[in-house]
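Participant: Sequence:
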Amino acid sequence: MYWKSQTKETILKMVEAALAANGNYATNPILGIPGTYLDEDEFYRDAPFLEKAPFLKTLIANPNHIGCHTMGNKGLDIFKGTQNIERELIELCAEEIFQGAKGQQDGYVATGGTEANLEAMWIYRNYFRKEYGANTNQIGVIYSSDTHYSIAKGCDLLQVQSILIPVDSETRQIIPEKLEEQVEAARKKGVKYFIVVLNVSTTLFGSVDDIDPVVDFLDENNLVFKLHLDAAFGGFIYPFTNSNSKHNFANPRVSSISIDGHKMLQTPYGTGIFLIRKGFMQYVATDEAQYVPGLDFTICGSRSGANAIVIWMLLMNYGSEGWKAKMNELMERTNYLCDRLDSMGIHYYRNPYLNIVTIKAGEISAKVAMKYELVADTYEARPSWWKIVVMSHVKYEFLNQFLDEIEAQLVQ
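In terms of the UniProt record's numbering, the sequence shown opens at residue 1 and continues consecutively.
No lab work stands behind these hints: they were computed from the structure.
It cannot be assumed that every hint is accurate.
As the list claims (entries may be wrong) - Below, simulated SDA-like cross-link-like pairs (lysine to any residue); rule was C-alpha separation at most 25 Å, straight line:
{"no.": "1", "residue 1": "102", "residue 2": "87"}
{"no.": "2", "residue 1": "57", "residue 2": "46"}
{"no.": "3", "residue 1": "246", "residue 2": "179"}
{"no.": "4", "residue 1": "189", "residue 2": "270"}
{"no.": "5", "residue 1": "278", "residue 2": "46"}
{"no.": "6", "residue 1": "80", "residue 2": "370"}
{"no.": "7", "residue 1": "74", "residue 2": "246"}
To be verified - DEER-style ranges, computed between Cβ atoms:
{"no.": "8", "residue 1": "1", "residue 2": "212", "range": "16 to 26 Å"}
{"no.": "9", "residue 1": "224", "residue 2": "325", "range": "34 to 44 Å"}
{"no.": "10", "residue 1": "396", "residue 2": "224", "range": "47 to 57 Å"}
{"no.": "11", "residue 1": "40", "residue 2": "169", "range": "52 to 62 Å"}
{"no.": "12", "residue 1": "190", "residue 2": "17", "range": "31 to 41 Å"}
{"no.": "13", "residue 1": "131", "residue 2": "345", "range": "53 to 63 Å"}
{"no.": "14", "residue 1": "96", "residue 2": "213", "range": "27 to 37 Å"}
{"no.": "15", "residue 1": "371", "residue 2": "171", "range": "22 to 32 Å"}
{"no.": "16", "residue 1": "102", "residue 2": "224", "range": "41 to 51 Å"}
{"no.": "17", "residue 1": "73", "residue 2": "190", "range": "24 to 34 Å"}
The beta-carbon is built from N, C-alpha and C at its ideal position, and this holds for glycine as well.
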């Protein structure tokens, strides 16, 4: 994994060149597009600060990145400059971060991890329907009880069968016996084809699902499946902190991956990424989108090109080594937090390569948890867990305030 850091001046010039390659609503006779730059009464296109703000400049120019731009050069020609940057971004994420072979992945910038997860499920549902003649009652989705709720949402929307697998309360890993039981029960109900969703950091615990036990079981039973990795949280940290990860495209069992920029990368909301091996996007081609050059393959349709630009800018600014250093700094803070919790005898769950620490609710008072905005596993009943996420704003000062308060209560 390597890409070079670029100076802010270089990044600015590259974005300006991309915008110059786009059509300009202010100077070009663009008559057929149902869009334009942002409203000039509220968003000033000539504001002086925009000269040094490439993301905001792109936001105001308002390029539309409808479609999937890794599937050839078809697309709205007036947005070709910024669409090329999105193409470069997808290549970087798929090939450098997730070790994909050169030119062998497709993808696009989605609204977030939820849409990216739904996109994967939609593709595989249609794949099983077209290639195997399956109906929706014969397609099941295997996922753990710690998995993000977007997967349950996808089962409902796509009308495929939900196969929820319990996890071990200590390791947070899928229980093999329960996997076997639930899959066998699904097969008895007629399920023959499986969409498997495994996590590269669950939302609440930061747990990472072990791939091998799940896919080995499916292979041993000659079951047909496709594997999607939900790396919405872990995608921009886990590959940088765990060099031995199997959760990438170098693993032939992995077919697709979802990532979120708005978490670890600190980009605005609406900056998810969907990555998939070549040959699968075609299963969600919307033939009715005849007025879109190259058709559309996404759930969201029209989407802001500025979102692709801002993710690309962040990655170019840091480079791979700079980003790795930033993630390792967060690991050091998380290690510090865990060392102090250990010294107090407080029980928690933490994956050693991630910055999420989830404390058993009985170990600290709810008052302290709420004071420091810890997130509960449920707000509909009595919580069993409280979650801490050591993000960039969580400085040692804040950690010490929290830890000192817990320690004082233990002394009492």
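Participant: Each of the hints needs a verdict: does it hold here or not?
Facilitator: How the hints compare with the structure:
1. 102 - 87: At roughly 13 Å apart (the allowed maximum being 25 Å), residue 87 and residue 102 satisfy the hint.
2. 57 - 46: Given pair residue 57, residue 46 holds - Cα atoms ~9 Å apart, limit 25 Å.
3. 246 - 179: holds, 21 Å
4. 189 - 270: Between residue 189 and residue 270 the Cα gap is close to 38 Å, so the pair fails against 25 Å, i.e. violated.
5. 278 - 46: Between residue 278 and residue 46 the Cα gap is close to 42 Å, so the pair fails against 25 Å, i.e. violated.
6. 80 - 370: violated, 48 Å
7. 74 - 246: violated, 34 Å
8. 1 - 212: 16 to 26 Å: holds, 22 Å
9. 224 - 325: 34 to 44 Å: holds, 43 Å
10. 396 - 224: 47 to 57 Å: Holds: the Cβ-Cβ distance is about 50 Å, inside 47 to 57 Å.
11. 40 - 169: 52 to 62 Å: holds, 57 Å
12. 190 - 17: 31 to 41 Å: violated, 55 Å
13. 131 - 345: 53 to 63 Å: holds, 55 Å
14. 96 - 213: 27 to 37 Å: holds, 28 Å
15. 371 - 171: 22 to 32 Å: Holds: the Cβ-Cβ distance is about 30 Å, inside 22 to 32 Å.
16. 102 - 224: 41 to 51 Å: Between residue 102 and residue 224, where Cβ atoms are some 28 Å apart, the hint is violated.
17. 73 - 190: 24 to 34 Å: Cβ of residue 73 to Cβ of residue 190: about 43 Å, so the range 24 to 34 Å is violated.
Of the numbered hints stated above, those contradicted by the structure are hints 4, 5, 6, 7, 12, 16 and 17, listed in ascending order.
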